[in-house]
Structure formats: structure tokens, C-alpha cells
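Colleague: Okay, here's what each chain looks like letter by letter:
Number of protein chains: 2
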Amino acid sequence: MIEGVKQQKWWGWGEEGKAYRHEDKPKFAPFVKKMVGVDITLPVKPIRPFSSLEVPASQLSDELRGKLNTVVGGKYVQTDDETRVVHAYGKGVRDLIRVRNGKLGRVPDVVVYPGTQREVELLLAAALEADAVVIPFGGGSNIVASLEAEPGETRQVVSVNMGRLNKLLEIDEESGLAHIEAGVLGPDMEDQLNARGWTMGHHPDSFVWSTLGGWIATRSSGMQSDKYGDIADICRGLTMVMPGQVLTLRPLPSSSSGPSVREMVLGSEGRLGIITSAWVNVHRLPEVRELQAYFFPTYEAGLKACEEIVTSDATVMMARVSDPLETQYIMANGKKSGRVSSLANKAIQKLMLQKGWDLEKIALSFVGFEGSANHVRYEKGLVAKVVKNNGGLGVGKGPGTLYDQKKYDTPYIRDFMLDRGLICDVSDTSTPWAYAAEIHTLILDRFAKAMDDLGVRGLVFCHLSHSYHSGACQYFTFAIADDSDNQEATYDVAKRVIQQSFVDFHGTVSHHHGVGEEHSPWMEEDISPAGVYIQRKLFEGIDPGNNLNPGKIVHDGRPGVSSNSVDA
Amino acid sequence: MIEGVKQQKWWGWGEEGKAYRHEDKPKFAPFVKKMVGVDITLPVKPIRPFSSLEVPASQLSDELRGKLNTVVGGKYVQTDDETRVVHAYGKGVRDLIRVRNGKLGRVPDVVVYPGTQREVELLLAAALEADAVVIPFGGGSNIVASLEAEPGETRQVVSVNMGRLNKLLEIDEESGLAHIEAGVLGPDMEDQLNARGWTMGHHPDSFVWSTLGGWIATRSSGMQSDKYGDIADICRGLTMVMPGQVLTLRPLPSSSSGPSVREMVLGSEGRLGIITSAWVNVHRLPEVRELQAYFFPTYEAGLKACEEIVTSDATVMMARVSDPLETQYIMANGKKSGRVSSLANKAIQKLMLQKGWDLEKIALSFVGFEGSANHVRYEKGLVAKVVKNNGGLGVGKGPGTLYDQKKYDTPYIRDFMLDRGLICDVSDTSTPWAYAAEIHTLILDRFAKAMDDLGVRGLVFCHLSHSYHSGACQYFTFAIADDSDNQEATYDVAKRVIQQSFVDFHGTVSHHHGVGEEHSPWMEEDISPAGVYIQRKLFEGIDPGNNLNPGKIVHDGRPGVSSNSVDA
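Just so you know, the protein sequences line up as chains U and G, in that order. According to the UniProt record's numbering, the first sequence is numbered sequentially starting from 1. According to the UniProt record's numbering, the second sequence is numbered sequentially starting from 1.
No lab work stands behind these hints, which were simulated from the structure alone.
No copy labels: a pair is met if it fits in one copy or bridges any two.
Calculated pairs, SDA-like style, for lysine to any residue (alpha carbon to alpha carbon, straight line, at most 25 Å):
hint	residue 1	residue 2
1	Lys-34	Thr-441
2	Lys-167	Ser-528
3	Lys-385	Arg-284
4	Lys-388	Arg-284
5	Lys-388	Glu-290
6	Lys-167	Ala-434
7	Lys-25	Gly-37
8	Lys-406	Asn-345
9	Lys-335	Thr-401
10	Lys-34	Ala-332
11	Lys-385	His-283
12	Lys-495	Arg-250
13	Lys-6	Thr-79
14	Lys-537	Gly-244
15	Lys-227	Thr-311
16	Lys-388	Glu-173
17	Lys-388	Pro-286
Construct all of the structure, not just a fragment, from the sequences and the given hints.
Modeller: This is the structure in C-alpha cells:
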């Protein structure tokens with residue numbers, strides 16, 4: 001562990017000692033039992049001790065070690081087993097399954113912690129001179145296998161932890177721009193901005209354990225993107241260390257200077273170089289911030305309302321709606337005395353029943369408002385009309401407040417579930433509005449059939465998370481009861497059926513989780529073979545030796561996925 | 001001339017027979033006389049007859065002609081002199097100077113008019129097999145030398161006029177997306193959309209003589225981009241014919257599938273292939289559309305107001321402000337009984353003087369509003385507060401209505417001026433807000449000095465045209481009195497001083513006119529040498545034979561510009 005650089009558990013999400021608890025949520029255990037037949041109240045096996053892992057020895061040469069020591073100082077060149085294992089994977093459930101089972105893959109030979117951009121330049125030069133593979137590492141929360149070396153990699157593997165580059169360098173208060181080092185974690189960045197009255201407004205689910213550089217490298221989106229934009233909108237300039245040179249893109253609101261190099265770095269996942277800092281749009285903290293909750297009689301009605309909101313005169317900060325199963329999940333996950341469980345209170349239930357709603361089909365929605373008090377009032381009025389037109393029902397601020405408090409906790413539930421033989425993960429897509437309802441139905445159907453075929457119990461639910469003029473992102477969460485030795489294969493089936501459905505039904509392979517190796521098999525279906533060809537030529541042009549995070553994005557498919565075809 | 005494909009004059013902008021008139025604008029001639037010493041009321045020399053041009057013979061081989069005939073039909077393979085000359089240049093003033101002087105450069109050997117995407121595929125294959133150079137041609141309005149072959153080009157040059165691909169193919173009414181062929185001119189496209197109740201909302205100055213494909217290939221922006229976005233936002237999917245393959249990007253609201261291939265095609269100016277169709281965001285025609293005019297005591301106050309508007313709760317369709325000289329120009333260009341000239345009426349003048357304003361320093365602003373009547377009222381209220389805080393004065397809808405009617409006419413004035421020995425053109429940049437006022441002042445100063453050094457009279461004025469959260473585009477228009485044989489050199493000095501100032505003072509080389517050959521000398525200063533290296537590798541990877549519009553964007557400088565350095 002390096003002082004000042006936070007590190008996640010080797011076996012799971014987040015900090016050691018922090019975990020999900022079900023005991024204060026009395027409806028949760030019965031919900032899980034009913035849905036997938038697992039009793040989560042039973043005692044579980046403890047996580048194996050780290051010492052039981054067979055960690056491959058570092059293959060770092062004395063020569064490269066010597067050079068790296070010279071560049072960053074010996075203290076910042078780590079080759080101990082735990083540091084290397086923590087940097088071997090991201091935090092997809094497939095990563096967690098593998099690491100818990102001692103399947104460590106091609107563990108990096110060294111983890112380097114540069115403290116300046118110049119050190120990044122020098123360490124990259126040293127690594128390339130040694131023909132090593134270089135993999136940038138931010139918060140370590142990637143779920144698409146973008147942080148791991150290829151299994152057959154025979155060259156030395158250098159993981160570059162960017163955590164020491166974590167400072168807000170400058171705010172241009174007149175322009176609303178901040179220059180920030182790329183290795184900063186979400187909360188540390190917002191703390192530095194908030195202290196001066198600013199916010200970036202970028203809050204992905206991974207916020208606590210992801211970095212500015214990671215967001216840029218994977219084209220991340222945050223929960224408030226309807227107002228603040230995706231990271232591709234927020235990031236206006238950047239610096240990236242490339243082989244033998246440094247790319248410097250000054251902050252510009254918009255430009256027509258040829259094919260956008262900024263947009264080539266966005267989503268490049270380390271294949272073009274290492275992002276060291278970025279200029280981002282920042283906003284004054286809003287006078288009022290409010291999340292309002294609504295219920296709709298069906299998910300389709302909620303989708304329609306979200307579409308009408310973003311194409312109306314309103315400009316909300318967030319428009320989100322959960323499908324019926326996710327709505328049940330959220331309500332089941334409320335504390336005994338909590339606000340969410342009180343949603344299901346008698347008065348509201350009675351009203352819904354009076355309206356003729358089927359309580360199994362209701363959809364919970366959150367809409368976020370920001371601005372002056374007057375503006376928030378005005379916008380709430382516009383949204384109220386849309387909600388009414390779509391048969392919805394406002395239930396006030398309470399649930400939204402709770403959502404805000406708990407919004408980063410979901411990954412801890414995943415570890416809790418995995419302890420109990422439940423494989424959970426997420427996958428997201430975006431489609432035009434015309435296909436939003438259809439793709440949701442089809443994925444639920446295909447997923448159920450795939451689970452039947454496997455003979456396991458599983459569920460998938462979804463929410464609309466990000467809205468745009470012509471379409472939206474839907475975010476799917478799945479859980480499968482499988483405590484066998486086949487967890488990886490089971491996960492692969494689930495993942496395949498979802499990803500294949502995305503590209504089959506007008507969706508992208510990933511709205512904001514990137515490609516890595518995990519999504520690479522579907523890239524030709526997403527952006528057409530010519531699109532993949534263009535990306536390949538770009539990577540080959542910049543990195544002819546294939547040293548920069550090889551195998552990511554453009555790849556013939558991740559090992560273990562023999563085929564991307566699904567019999568639907 | 002091909003039936004159904006509109007063609008501009010060989011010597012100037014737009015349709016034969018349409019021209020600017022000054023006679024009904026009594027203040028204009030005195031304004032020009034005062035500013036640059038030219039009497040525009042004197043008779044002018046007529047344009048030389050086309051027959052006086054020495055047009056180089058077509059070098060099209062019989063073999064390639066035969067293949068092209070087979071692909072598109074002989075009617076659509078044109079080698080006559082006038083067609084070839086019309087396709088030799090865009091419509092920058094440097095192009096106009098050259099063509100009027102009979103300096104035709106490397107005229108294309110053939111102009112081909114494909115009628116389907118398949119024909120584009122086949123003609124590209126035939127051209128590449130013959131090792132020909134291929135230059136896509138939309139409306140022909142490019143002003144950065146992106147449509148011309150390199151002067152020393154020894155290979156056959158094929159200009160591909162996309163004008164027959166001009167149909168609206170499909171509207172996805174549920175998503176607000178339209179699939180449109182790339183060769184459609186602005187008015188033809190909007191007519192087809194409007195007929196079904198939709199608009200794309202993209203209105204660049206070149207609207208009448210530019211195409212969807214051209215907008216995408218040059219990263220265009222329209223006057224209403226504050227609401228509708230730049231073309232990079234509007235274009236959600238596209239088809240591009242590449243050597244040996246076709247790129248198909250389905251329409252997606254947002255995606256994280258690696259470096260954005262969509263954003264590589266945007267701004268590619270023919271260097272990656274030929275764009276044949278695109279999926280674009282379209283919007284329902286607004287219930288209310290209103291342009292309000294305001295005066296500010298200074299340009300700086302107007303800039304500040306625009307910045308405050310876009311960072312306020314308001315979401316306007318346009319926020320535009322002209323500097324004092326452009327304000328004078330607009331007022332001088334008003335008809336005798338017109339609304340703009342009435343701006344200068346006694347009552348308003350009196351009010352301004354009472355406020356202590358210097359009438360030589362006032363800045364005219366237009367702010368556009370769209371939405372329901374109620375929403376427009378609400379937004380006008382928000383803007384009124386900002387205007388008041390910045391000392392501005394509302395003068396109603398009249399001037400905006402006139403602006404709307406005349407907004408596409410400016411290029412005709414340029415021809416009128418050139419007839420009278422006045423070299424006029426435009427150049428635009430974007431900067432963060434912090435540098436907006438500074439760059440304006442510095443360009444005015446540098447330009448004046450450069451004209452003094454040349455011993456000619458010239459002027460430059462400017463308006464803020466597009467606003468973003470962290471900055472804005474400023475659009476400069478210059479005019480220089482020079483009826484000598486040195487017009488090209490004089491233009492080069494003016495262009496150089498402006499472009500160099502852009503990159504010196506935090507601006508981009510071009511906000512929405514693209515790069516071509518004209519702006520290529522400043523690209524390393526704009527996006528850093530590593531950025532140009534990335535673009536170069538991309539082009540080389542896709543087009544190793546350098547057949548696709550060679551020399552554009554990435555280039556060592558356009559011929560005739562020996563140095564990009566300016567002694568400021």
C-alpha cells in the first residue's frame with residue numbers, strides 16, 4: 001500500500017471492513033428467497049486467506065526494475081504479491097469469481113506509482129525500451145476486463161497506478177473549467193472542487209472507486225448526465241503520454257480541427273497512451289437540488305414519460321425509471337423504518353389500487369431538478385404535466401433522498417450475494433426511443449429462457465438511467481443462483497445473452513462501461529467491421545509493437561468465450 | 001449541368017442572376033467609403049466570359065471513363081470544362097480571386113454524379129484501381145481549400161458530386177431521428193422534413209449551398225446550435241463508403257464502444273471515405289420561435305451577457321452579439337424603411353445617450369427562443385434579467401425578423417465587394433470564456449497593424465455566434481481594399497494574422513469551417529504535434545495509397561503559404 005493511494009480489497013469491492021448488511025432490511029431476505037430460492041440468512045464461508053493464493057512470481061527484470069526505481073523511486077515500484085493481485089483484475093463479477101477461486105491469470109510483474117507527468121513519460125519510455133506491456137490503472141473498478149494482461153503474455157507486464165496524480169491543479173472560474181490530474185478518485189475530486197464552490201456533476205455508480213482518467217478512458221456516464229453530460233461532453237481538453245511524445249489538447253468548447261483526437265482518446269482504454277490530466281467543465285453548486293419520486297402503472301408508461309420529459313421544454317438533471325422487478329427490489333431493500341419501504345404504505349397502495357394498477361407492474365421513477373428555487377418550481381410543473389399525461393403519481397422527495405444516500409452502495413451487495421452463491425453483475429446499452437420498451441422485454445424473455453436451459457434460477461431487472469433527445473440508456477442488473485464450480489461459465493451465458501440482445505435489437509454493446517476484452521466480441525456488430533477496422537488501424541499506427549494494453553477493444557474475443565452466438 | 005443537381009456560378013457564390021444590391025440601402029455606400037475608402041457606387045468591370053479561361057484538358061483515361069460510365073451511366077460522367085471548373089475550388093475568397101483571374105490550379109479530370117450508395121462503392125473501387133485521387137463534393141461552399149486537388153497532382157482526379165443523393169429516406173418519429181442521404185442541400189432537406197412537421201435545426205451561413213454530408217465532413221455548426229447542437233451532436237449514425245468496405249454506424253444516442261468512430265468520420269473531409277447517408281436528430285417544429293434584439297453599451301458587456309445566459313437556468317436557441325463595427329455594418333446595411341435602420345431611430349438613440357453610452361461602441365445582440373408560448377415567456381424573463389444586469393436594452397422582435405430573412409445572403413455581398421476590389425472573407429474560432437474578450441481585442445489590433453504594414457485599408461469585425469458552457473465561438477469577417485494584382489498575397493497576410501492569433505490566444509484553428517489545406521499549417525499549434533501525428537496515422541492506416549482527398553487536414557502547409565509565423 002502506498003501512502004495516499006487508496007486500494008480496494010483483493011477479493012471484492014471497496015474498502016476492507018465495509019460490507020452490505022441485510023439484517024435491518026426485513027423484506028430483503030424473503031424477496032431473494034422468493035425470486036431465486038436462496039436463503040441469504042444462512043452463515044457463509046469466510047473468504048480464503050490471501051496466503052492460500054498461488055501468486056505467480058514477478059518476472060520483472062533487474063534492468064527494468066532499476067530503470068523504474070530511477071524514474072519514480074524504489075518506494076513506488078511494488079512487486080509484492082498482494083499489490084500485484086489487486087492490480088491483476090478489475091471488479092467485474094467474473095473477476096471476483098476468478099480471484100476468489102485463486103485463478104489469478106497473468107498477474108502484472110510490477111505496479112508503478114508515478115507522481116508526476118514527467119515520471120509517466122519516463123516510465124513509459126523505460127517500459128517500451130524493455131518491450132514490456134503497459135496497463136494504466138485508476139480506481140480498479142473496471143468490469144469489462146480492461147485492466148488485465150492477456151493470459152498468454154510472455155513480455156513483462158507493468159501496471160501503472162495513477163493514484164498519486166490526484167490533485168485539482170487549477171480552476172478557470174471565468175470559463176467554468178478545471179484542470180485536474182487523472183488519477184483522482186471521484187470523492188477526492190469533488191471534495192477539492194466543492195471546497196471552492198464548484199462541482200463537475202459526474203457521478204457514475206463506481207464514483208467512489210473510479211478516477212477521472214478512468215472515466216475518460218472508458219467513456220463513462222454519471223447519474224446526472226442529463227444536465228452535466230457524459231464524460232465525453234465534460235472533458236474539454238487533456239494530456240496523454242504516448243510513446244515518445246505527449247499529446248496536449250487545450251480546453252476548447254468546440255472545434256472543427258479534423259477528426260476529433262479528443263474523441264479518439266475518450267474510450268481508448270490505455271491503447272493510445274496514459275492520460276495524465278484533463279480540463280473539464282465545472283459548474284457552480286446549484287442553489288436547489290431536488291429528487292422527486294413518481295410511480296407509473298407500468299414500465300412502458302415510465303419510459304414514455306422520460307422520453308416526453310427530455311423532448312419537452314424541461315431540462316432536468318436526471319430522469320430515471322425502474323422496471324417492475326427493480327421497483328420491487330428497491331422496495332424490498334428499504335430499511336424497516338425507511339422512506340422507501342414506506343412507499344409501499346397503505347395510503348399509496350390504496351390509491352394505486354383505486355386507479356386499477358397492478359402492484360406487481362408498477363415502476364418507480366426519480367426525476368432530478370437543479371437551479372434556482374423558482375426554476376426548480378417551474379421545471380417541476382412541466383414534469384408534473386408529463387407525469388400526469390402518462391398516468392403517473394408523484395410521491396414526493398423522500399425516496400429520492402434515500403436514493404442519493406445509498407447510490408454508491410450497490411457493488412457491496414454484489415459481494416454479499418457472491419458470498420451466498422449468487423452471481424450478480426450489470427450491463428448497459430443505449431437505443432433509440434423506438435426500441436427502448438422492445439429491447440427490455442426481449443432481454444427479459446431471452447434471459448429467462450437461457451436460465452431455464454441452464455437449469456438455474458436467475459433474474460434480470462433494469463432501469464432507464466440516462467436520457468438523450470433520440471434515445472436512452474437502459475441499465476440491466478442480473479442475479480443467478482449458482483454456487484457450483486461452474487460460476488464462470490454460468491456468468492458467460494448470462495453476459496452473452498444480454499450483450500447479443502443489445503446488438504440484435506438496435507442497442508450499443510455498452511453505453512458507459514467501455515469495451516475491454518469482455519465486450520470486444522460484439523464490436524463488429526456494434527460499429528460494423530469497417531468501424532473495428534478503423535479502430536485497429538488507429539491502434540496499430542500509434543502502437544506498432546502492441547505494448548499499450550494489448551487485446552482491449554479490438555480483439556478476436558476474450559479467452560473463454562468461444563462463440564458470441566446465442567440461440568434465442 | 002445535371003438535372004436535379006443545383007450548381008453554383010463558376011466565378012462566385014450561389015445562383016446565376018442572384019446578386020447583392022446596395023441601391024436600396026442608402027447608408028451602405030457611405031459606410032464602406034468611410035471605412036475603407038472605396039466608392040461602391042462606381043461602375044464595375046463585368047466578369048470575364050468563361051470562354052476566356054484556359055481550362056487544362058481532362059486527363060481521364062479511356063479505361064477509367066469506361067468503368068465510370070458502366071457504374072453510373074455516361075450521362076453522369078461529366079468532363080466538360082465548366083463542370084470541371086465549378087468543381088475545382090470551393091468558395092473561399094482566395095478561390096474566387098484565383099478563378100476570376102483564370103488561375104485554375106489542378107482542375108479535376110472528371111465529375112461523377114452517383115445516384116446510389118452502391119454506385120459510390122463501385123466508382124470508388126474503379127477510381128482506386130486506376131490509382132486516381134477521389135474528392136467528394138457537396139454544395140461546393142467550402143472555404144478552406146478542401147475541394148481542390150493538390151497543384152502537382154499527376155494522378156487522375158475524380159470529383160464526386162453527391163447531389164443526386166438528396167432524399168429523406170425515413171423518419172423514426174418515435175425517436176426523433178431521420179435517415180437522410182448525404183448529398184442533400186440544406187433547404188431541400190428542411191423542406192422534406194418540414195413537410196412532415198419536423199426540423200433538424202441546423203442552419204449554418206452556407207445553408208443554401210451546403211449539404212448534410214459536407215456538414216459532417218467539416219464538423220459544421222448552425223446558427224441555432226445552442227439548442228440543436230453542432231452537427232457532431234446532431235449526427236447520431238452514418239454510412240461511409242471506404243476502400244473495399246462500407247462503414248455503417250447505427251443511430252445511437254450515446255455509446256462507450258471504444259474511440260468514437262463517428263467522431264473520426266466527423267471532420268474527415270473525404271480522407272477516410274465518402275459519406276453517403278446519416279441518421280440525425282430531428283425535432284418537432286416549435287410552437288413559438290422568436291428572436292429578440294438587445295443593445296449593450298459595449299461588446300464586452302454583450303459577451304458577458306451571453307456567458308451568463310448559457311450558464312443560467314435558461315436554455316436559449318441562440319445567443320449572439322456583434323462587436324461595435326459589425327453593429328455599425330448591420331445598421332448601415334438596413335433598407336431605407338427597414339427595421340434595422342430604424343434601430344438607429346431617434347428615440348432609441350436618445351435613450352442610449354441618456355444612459356451615457358458611446359454610440360460608436362454599442363453592440364447589437366440577438367437571442368433566440370423556442371418552445372411553448374409559456375416557455376418562451378419564461379425564458380425571456382430569465383434573459384431579461386441577465387440583459388439588465390449587464391446594462392443592456394431590449395429593442396423587440398423587429399431586427400431579429402429581418403436577420404432571419406437575410407441570414408443566408410452575406411456571401412453574395414462578398415462577390416459584390418470583390419467586383420469593387422474589396423477582399424472579404426470570414427474566419428472563426430472558439431475559446432474558453434476567459435479569453436473571449438481578449439482574443440477579440442488582440443485580433444483587431446494585430447489585423448490593423450498588418451494592414452498598416454501592407455499599406456492597404458482593411459477592417460475586421462466579429463460576432464459571438466455559438467455559446468457553450470465553458471466558452472464560445474467568435475466569428476470574424478474582414479474586408480480589405482486591394483484591387484491590385486496582389487490580392488492573393490494580401491488575403492494570405494490577413495488570413496495568417498487571424499489564424500495565428502487564434503492559436504496564440506487559446507483559440508482553435510477553426511470552430512466550424514474545417515481544416516482543408518488552408519488551416520493545416522496551424523494544426524500542430526492547435527492540437528499539438530502528437531495530435532496531428534494521431535490524425536496522420538489514422539489517414540495512413542485507412543488510405544495507404546493517399547488517394548482520398550490527399551493533402552487535407554494533415555499537410556505541411558498549403559502552397560503559397562511559405563510560413564505561418566507572424567511578427568505581432
